[in-house]
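Q: Residue numbers (numbering that gives the first Met the number 0), protein chains in the order written: chain L, 0 to 363; chain F, 0 to 363; chain V, 0 to 363; chain Y, 0 to 363.
No lab work stands behind these hints: they were computed from the structure.
Any given hint might turn out to be false.
Which copy is meant is left open, so a pair is good if it fits within one copy or across any two.
Quick list of in silico lysine to aspartate or glutamate cross-link-like pairs, DMTMM-like style, CA-CA up to 25 Å [as the list claims (entries may be wrong)]: (1) 143 x 95; (2) 143 x 265; (3) 173 x 45; (4) 148 x 316; (5) 96 x 202; (6) 191 x 261; (7) 143 x 45; (8) 148 x 201; (9) 96 x 265.
There are 4 protein chains.
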Amino acid sequence: MSSSSLGKLFTITSFGESHGRLVGSLIDGCPAGLPLSEADIQPELDRRRPGASAADTTRREADQAEILSGVFNGFTTGAPICLVIWNRDADSSQYEKIRPTPRPGQADYTASVRYGGFNDYRGGGIFSGRLTAALVMAGAVARKLLAIKNIEIIAHTVAIGGVNALPQDIQAVKAACDRNPLRCADPEAAAKMLARIEQAREEGDSLGGIIETVALNVPVGLGEPLFDTVDGELAKAVLGIPAIKGVEFGSGFSAASRYGSENNDDFIIKDGQIATATNNAGGILGGISTGMPIVLRAAVKPTPSISRNQQTVNLNDMTPADLTVLGRHDVCIVPRAVVVLEAVIAITFCDLARRAGIIPRVIA
Amino acid sequence: MSSSSLGKLFTITSFGESHGRLVGSLIDGCPAGLPLSEADIQPELDRRRPGASAADTTRREADQAEILSGVFNGFTTGAPICLVIWNRDADSSQYEKIRPTPRPGQADYTASVRYGGFNDYRGGGIFSGRLTAALVMAGAVARKLLAIKNIEIIAHTVAIGGVNALPQDIQAVKAACDRNPLRCADPEAAAKMLARIEQAREEGDSLGGIIETVALNVPVGLGEPLFDTVDGELAKAVLGIPAIKGVEFGSGFSAASRYGSENNDDFIIKDGQIATATNNAGGILGGISTGMPIVLRAAVKPTPSISRNQQTVNLNDMTPADLTVLGRHDVCIVPRAVVVLEAVIAITFCDLARRAGIIPRVIA
Amino acid sequence: MSSSSLGKLFTITSFGESHGRLVGSLIDGCPAGLPLSEADIQPELDRRRPGASAADTTRREADQAEILSGVFNGFTTGAPICLVIWNRDADSSQYEKIRPTPRPGQADYTASVRYGGFNDYRGGGIFSGRLTAALVMAGAVARKLLAIKNIEIIAHTVAIGGVNALPQDIQAVKAACDRNPLRCADPEAAAKMLARIEQAREEGDSLGGIIETVALNVPVGLGEPLFDTVDGELAKAVLGIPAIKGVEFGSGFSAASRYGSENNDDFIIKDGQIATATNNAGGILGGISTGMPIVLRAAVKPTPSISRNQQTVNLNDMTPADLTVLGRHDVCIVPRAVVVLEAVIAITFCDLARRAGIIPRVIA
Amino acid sequence: MSSSSLGKLFTITSFGESHGRLVGSLIDGCPAGLPLSEADIQPELDRRRPGASAADTTRREADQAEILSGVFNGFTTGAPICLVIWNRDADSSQYEKIRPTPRPGQADYTASVRYGGFNDYRGGGIFSGRLTAALVMAGAVARKLLAIKNIEIIAHTVAIGGVNALPQDIQAVKAACDRNPLRCADPEAAAKMLARIEQAREEGDSLGGIIETVALNVPVGLGEPLFDTVDGELAKAVLGIPAIKGVEFGSGFSAASRYGSENNDDFIIKDGQIATATNNAGGILGGISTGMPIVLRAAVKPTPSISRNQQTVNLNDMTPADLTVLGRHDVCIVPRAVVVLEAVIAITFCDLARRAGIIPRVIA
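So that you can see chain L by itself, here it is in the shape it has in the complex:
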């Protein structure tokens, strides 16, 4: 019941700090018998690694996944799986200096109050985006488990800095996504996004965006109402990712301005199965999966670390202070956050599938 944990039967717990010795995830409740090695995890870590695009930080981390427990002779044992990445390229030099002046948009101030000033403030400590690397490792395990049931999680960039991608076919999304450095399946929009990013970089500013995640082949019937719903569990997990400020499902906020007759999805028979003609519900009715793709969109705020001068307060003497954040930062974390969203969503579906008995305790 740790607050750093997600999941009831498939549980992951995060630990570590941005500038400490390591970041890690502990998975408990992973079925025994899943083939697993670092080679299953490393590719996901590599996808998250900065450097793929102009949007990313210049911090370079080798980010080598390491399995410390729970795997034996190449298979999961059913025991807790400890996954870690040892930190190597951390540069803490600037943080001591700016410590008394909390950075706008960051957790510096709230963490300082919450933990009485004892929090590791270097690089944001546990609030750093760096911890999402640990989530990505756990997500790689979750995705491997879901693959047994053919469940796929695909995320892609649908907006950056006000540029919206046009809807694309899911096959196009899959094909384009990892080839395009912004992970946007609409090449024209991607080009415009890139231009915006370059401009923001020049201005020492940053940009946000919107990520859409689609879960395919989720069987009908997952979800535990009233509160452990598919949407509720996903939203809670996704909001654990730094910088996410909103979550919507299916038609989401746009449903608010529609008629019921527009927004309801008619039931139809397709390939002998019950389906819906449209998917405004985003694959969820009453908190339970409908069998249609689960569609979630998450709003990512612009990276709070910008090189422009900002106004803050010196906590030592309670005076106004100027702040210019140096260091290496992503102009726009959206392309990297795509990988993190896939991870936490995969983790959540694993837990829901375990509770529904769809993924057994032992993989035969």
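Use these hints to put chains F, V and Y onto chain L, whose structure you have.
A: Showing chains F, V and Y alone in chain L's frame:
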């Protein structure tokens, strides 16, 4: 750890059905020593009761709150508080007829699969908006507890059917809210919303909208990162309310198209306290409350029950079927959902405050 | 995560008070499709009802089980099942008088401190043995679920007041148990126990004893190490029953004085299955069921309510005080506690079986 | 909610394997501001290390405690604390050979079924007593936290191989305990126990015993009825330690043969405080601490690993098989288990104290 439960230390569990004998909430972890009687709960139930506006269903329920345990000599005892409403005006006649044909936009189909057809389908069973009456009762207790710490939860309608209210001062919101039948503080917008509702009613259609909730006087430092965050817990709770399809905090989805320099809230000193010049963060940084108002907006989809003809499937013989839903329904549940949002948000803050030790085990 | 709850996937929550309006249990996570009516529950309640033997209180409660939710058309729906008993024969007259003088061996004093004096002290409030009636109702549902998998829970009295029953064959235990008013399968021992009870009654005193519970046909492989073990979960549940002061499994405390070569159970093949030659492990190795009968013994302290004069303290003025507890009490609750142990153990096995996927979400 | 976890607000999760790379504990919910370094943890590990007495295994592990996260500048940060010990002296050579023949009294067979044969069987994997080293590290943190409130946890050996220690004054227990290699405060009994152990060693056999734990200065009012009681939580935690087969509180099983008038503890006034004249309740009434010492006794079965020939089954061909367990084992783990009991009991009290608000979120 029941899936019908919310909260770790202040826990509420919902039970009952729309057309069963009752709906109820069980509160565990309520501090001892809170003065409590039905008179504290009934006004909240009355606020939720249909009939205040043209938007509401014509179903009439006396909705009498009843405390069955946990209160002794006018004070909470620290033991579980069982709150119930006995159902009286349920009309189940039409549901048997439409049972094989799941209603679009409702949980009929998913519930039928999830529960193997054993679910109580009358009026949606546990998926009915009626269960929110039980949440409102628990919310009334939570609000009383929060009031000890001066924490206030205020929700209001900011959009219906595409009509957006202009931002209002929070004092105006408080003043206007319960006087305006749509719970919208902008009178001009409210008039337009009403016109839309009347039109939708005539057309046998329905409308959605957006509700904003503001939590005032939440002290800095609530929230349990990484995952039991203020935003994560609120989102999970709010998505347990039927018809909510999206949740955002502060600038929310609009943050996605802003620059970091626009979206960051500068820290300032105000009345000797640290505050932020703007509140795009919605009172949450790193999942922890900042001391500024917590601002959440929720998208409410249009009521799925409409009188217009819809397309569905007959589950008995897997053939296409027409469906016209009779019965009494809200054209737009937004005004009533305002009260429900206040309730689940109050419940969530109570739990967060209990965990932070702000609300003690005994009210002195 | 309410502290009045047991179980992760099959969860029961207790509520109500001894002298309040009702006692009840709320079950969440019960599979849909189980045939259930009050007629399944009432017989278990009747078994617990006082009056079967000389050992029991003279308080008479009709104790009518009532199902308020979660059952529709004779089957469980998968929604929370609310089970209640309305209190009828409560006599609270004496409790006001003795309120300032906590009864030795009762929770009066600790409850008063824990709840700041706001607890319902009448008849012990939530600490009363009366709440076990609610557990027995939930246990009846659990036992019906376990019966699907042929799992049986049988408890019986093995000691009262220092008189020990000789070990009996499990068939003899089953046969004898409900016929013998003390629920002791050894008739000679039972006769001696009865004599002790009569003597204790005459002396205004009370007796304790030991109850053995055997779970038959529990498949090998239940239990979630390291801490959600079969023994850990059972012990926690059983210690929730008032008056239980010790729990042991298999050879239990007597293992402490044995050699390893005596206490280890050799593995053998029996009817083509792996079994153990002896069962000193009580059916549990490493917290996981072995397939052998699960054997738990619980120590029941003598009923603290005795008619003899006792020494206590007046909380109002912190002076020594004499106390003579009037009212109607069991001389020895062991025979009635037998039924309660069966209930909580059945509830715990249901949860473990749900987690192991042995009992599905829907009963076909 | 991982099954490898203990605690709601102060949560520890165990991981690692006996013959894997490491064993570890992850603590979440530790207050910020506690001074902590490896030097606080190592002494407890050293106390648990084998070699103190003739009873212990000859396996030698450096057992160096290492803090990987959650501590910064010498203080806990409030973030998860990852504590590990890297395994160094593991000898896995014999386990491959005996793999198909489960050792009597060990978890080999149940683990094999539970995890479909994928469990790490070397040295018992996660079921090894070695994992208790990780619990001892977490316990060292818990004890430091409890010390702030003056709460002390003291365990000692009260029986080995049928030799019972005479009751000793708690000061004598404290003084004698770590000096006596068997951690028994009665020197005469200790001498006899040692003789029994030597004899058992010569015979290739093993012995069990009983450990008593006393928690001093626990304030009145801890515990969350009905089920998260002091006794229920302690029992669950203690039964997570391998080889524990029974738990009792206060007069425990001996209460079963007493009269109520003997077993009830009269309330008295002592030093201006309410106390009880005796402590048969073991410091717990109604699941809530009374303010008196909390007294728990745990039955430890004889070490199942013995050098004598035993009967088992070859799982490969389902034939009877002989087994002689080689390797290095404790003749009697009781003296080392003393340290482990202190640890898990300290962990449990930390969690109960956190829930009661007695230990705050930040240590001032």
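Q: Each hint should be assessed against the structure and marked as holding or not.
A: Checked hints:
1. With identical chains, the CA atoms of residue 143 and residue 95 are never at most 25 Å apart, being 41 Å at best within one copy and 29 Å at best between copies.
2. With identical chains, the CA atoms of residue 143 and residue 265 are never at most 25 Å apart, being 33 Å at best within one copy and 40 Å at best between copies.
3. In this assembly of identical chains, residue 173 and residue 45 lie within 25 Å of each other by CA distance solely inside one copy; the values are 17 Å within and 51 Å between copies.
4. Taking the shortest alpha-carbon separations for residue 148 and residue 316, neither the intra-copy value of 58 Å nor the inter-copy value of 28 Å comes in at or below 25 Å.
5. Taking identical chains as interchangeable, the C-alpha atoms of residue 96 and residue 202 lie at most 25 Å apart only when both belong to the same chain, with a minimum of 24 Å there against 64 Å between chains.
6. With identical chains, the CA atoms of residue 191 and residue 261 are at most 25 Å apart between copies only, with a shortest distance of 20 Å across copies and 32 Å within one.
7. For the identical chains of this complex, residue 143 and residue 45 are intra-copy neighbours only, at 16 Å inside a copy versus 41 Å across copies, given an alpha-carbon limit of 25 Å.
8. For a Cα distance limit of 25 Å, the shortest separation of residue 148 from residue 201 qualifies neither inside one copy, at 46 Å, nor across copies, at 47 Å.
9. Taking CA atoms no more than 25 Å apart as the test, residue 96 paired with residue 265 passes between copies only; the shortest distance there is 19 Å, against 60 Å inside one copy.
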